[in-house]
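Based on the sequences and whatever the hints tell you, model everything.
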Amino acid sequence: MKTFEELGVAAPILKAIQEMGYESPMPVQEEVIPFLLGEDNDVIALAQTGTGKTAAFGLPILQKINVDIYQPQALILCPTRELCLQIADDLNDYSKYIHNLKVLPVYGGSSIESQIKTLKRGVHVVVATPGRLLDLMNRKTVNLTLIKNVIMDEADEMLNMGFTDSINAILAEVPENRNMLLFSATMPKEIANITKKYMKNPKEIVIGNKNEGNKNIRDIYFMVRAQDKYLALKRIADFYPNIYGIIFCRTRKETQEIADKLIQDGYNADSLHGELSQAQRDYVMQKFRIKNLQLLVATDVAARGLDVDDLTHVINYGLPDDIESYTHRRGRTGRAGKTGISISICHIKEKGKIREIEQTIKKKFEKGEMPTGHAICEKQLFNLVDQIEKVKVNEEEIASLMPQIFRKLEWLDKEDIIKHMVSLEFNRMIDYYKDADEIQQVDDHSNKKEKRGHTAEAGYARLFLNFGKADGLYASQLIELVNKCVPGKIDIGRIDLRENFSFFEVEEKEAKRVMKCMNGFEIDDRRISVEPAQGKKGEGESKGRSKKGSHNENAPKSRRGKGRTERSDRDFRKEERDSSRPWKRTSSAREARKKRR
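Using this note's numbering, the first residue of the sequence shown is number 692, and each one after it goes up by one.
Take these hints with a grain of salt, some might be off.
[Stated by the list, open to error] Result set (BS3-like, lysine-lysine): computed pairs, CA atoms no more than 30 Å apart in a straight line:
{"no.": "1", "residue 1": "952", "residue 2": "982"}
{"no.": "2", "residue 1": "952", "residue 2": "1042"}
{"no.": "3", "residue 1": "1081", "residue 2": "1099"}
{"no.": "4", "residue 1": "1055", "residue 2": "1042"}
{"no.": "5", "residue 1": "755", "residue 2": "891"}
{"no.": "6", "residue 1": "787", "residue 2": "693"}
{"no.": "7", "residue 1": "1160", "residue 2": "1203"}
{"no.": "8", "residue 1": "1083", "residue 2": "1070"}
{"no.": "9", "residue 1": "831", "residue 2": "811"}
{"no.": "10", "residue 1": "1058", "residue 2": "1044"}
{"no.": "11", "residue 1": "1029", "residue 2": "982"}
Treat the hints as calculated values from the structure; they're not laboratory data.
Just so you know, these numbers come straight off a predicted model, no measurement behind them.
Written out as structure tokens, the structure reads:
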């Protein structure tokens, strides 16, 4: 193994990273640093989160900065405000002994005027989210003509969040003779398209195997009935007394509900989702970083950029819609060579998705056995005993109190004192599990004939839509389509995209209204058809298959798992008039609407 000095890292940077505790390079650093220190070297690095990526690109780009030129010479693009700030902080630490080197994070949610003032004073490295950087470019307040290194960190996440057009606009403005490094945990086709367009003979560096999961992470699943998912979550949290982890939920509503239940049941938890203000998000994340919280319940989008190295667990409260999201979730534990556990609480309809994930990450899931009440109480008690053994006793502070305590307890022998202590700590848990029914786990093979996704969740209706992946329809476009066609507030549940058609779930009470409104619209002169899903028979038929050539080029590329909208009918009609999308009411629907007036 080489040292940082042998990799060519300069003395001022070496001094800084040694003070930070860096001893020897991690594999991704050993591979990437020499290439970025060279000229005209484009690199694609496929690596999981927590593998030392920031130092891999940060050390060489800092070393190549000319501090006498107060213009941006390195550009780092990342998907979220939190990651932007984290990278900027790390670069400032690495450049501690490089005099006058300036790093500026630019991101939405903070004053653009202060960022413009800093840019005018002169900076050397810009760490940016694509949206805010594009805004600064449009205002002609950032100069990218001297950029020599462009880094795209978590590139797959940026594309999933819908930044494709922004990234294309930004890369079109940077010089062609620059180094470009693209970091990604996975390699979807959108990433391949960017590499073909903007990179010159890139070297591909793969840490592990492409799209493969971290070997330090155990992937465990518990197959339970839908009504038992929360009880299963509680048992898992109780079985690991020192758990420090993130619980991922699919929607904002579910995230808040689960967090509220955990808090009510006495767990040290809080929620993180898009409906929180930026100040609330910062407060929750800070509490979690300093371990004032044991459990953070979060959506995928809200948790992006939360950089915590020593998570013990990631818990999936249901599997995500796409495999890339699972890869990013599990990659938050088992970082920097540590071990971690990724637990998925599933129901039988998600069995097929588990197999798909196994094929992608090239790793088998373990089927977990639900902890019994007796096993949980035993685990908790031994954890308490372990804490008692390791507690630091301050003899001087308690010396004056001990004689009174001894007199108070002298009628109890050692065994009685231990019993009282155990009972005081665990009466609530022991009483709870003494009377609790054991959770019934579902046999993987008990429903071989059941196809995934044929049954709607309780309280939801499953609807058929005659547009699918072949039409360029993704989850986010389907949500937007419902939002455009149906005025008012609609909760969208599970989305199941097929090649030529799709299924989606809405609340049962809204199903008729959704069908009525959407069937009055068309896309590119093709009528939208929405009707109740017909179970196995209906889902296997080719009815409503898409015609070739109807691909929607204008649809946004971001992906979301669930959507909600609330607009007045006036807002809805205005959006319909102003929209650049190809959907519109059918002529018969327009005539019927005129008659109603």
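Structure-based check of all given hints:
1. For the hint linking residue 952 to residue 982, the alpha-carbon distance of about 20 Å falls within 30 Å, and the restraint holds.
2. With a C-alpha separation of about 27 Å, the suggested pairing of residue 952 with residue 1042 holds against the 30 Å cut-off.
3. Taking the CA atoms of residue 1081 and residue 1099, the gap is about 25 Å. The hint holds against a cut of 30 Å.
4. This hinted pair checks out: residue 1055 and residue 1042 have alpha carbons roughly 13 Å apart, not beyond 30 Å.
5. Distance hint between residue 755 and residue 891 is fulfilled; the C-alpha atoms sit about 20 Å from each other, no more than 30 Å.
6. For the suggested pair residue 787 and residue 693, the alpha carbons sit about 23 Å apart, so the restraint of at most 30 Å is met.
7. Under the criterion of a C-alpha separation no larger than 30 Å, the hint pairing residue 1160 with residue 1203 is consistent with the structure, at around 25 Å.
8. Of the supplied pair hints, the one linking residue 1083 and residue 1070 holds, its CA atoms being roughly 22 Å apart against a limit of 30 Å.
9. Among the hinted pairs, residue 831 with residue 811 is consistent with the structure: their alpha-carbon atoms are about 11 Å apart, no more than 30 Å.
10. A C-alpha spacing of about 14 Å is found between residue 1058 and residue 1044, which places the hinted pair at or below 30 Å, so the restraint holds.
11. Restraint check: the Cα-Cα separation between residue 1029 and residue 982 comes to about 18 Å, which is no more than 30 Å; the hinted pair holds.
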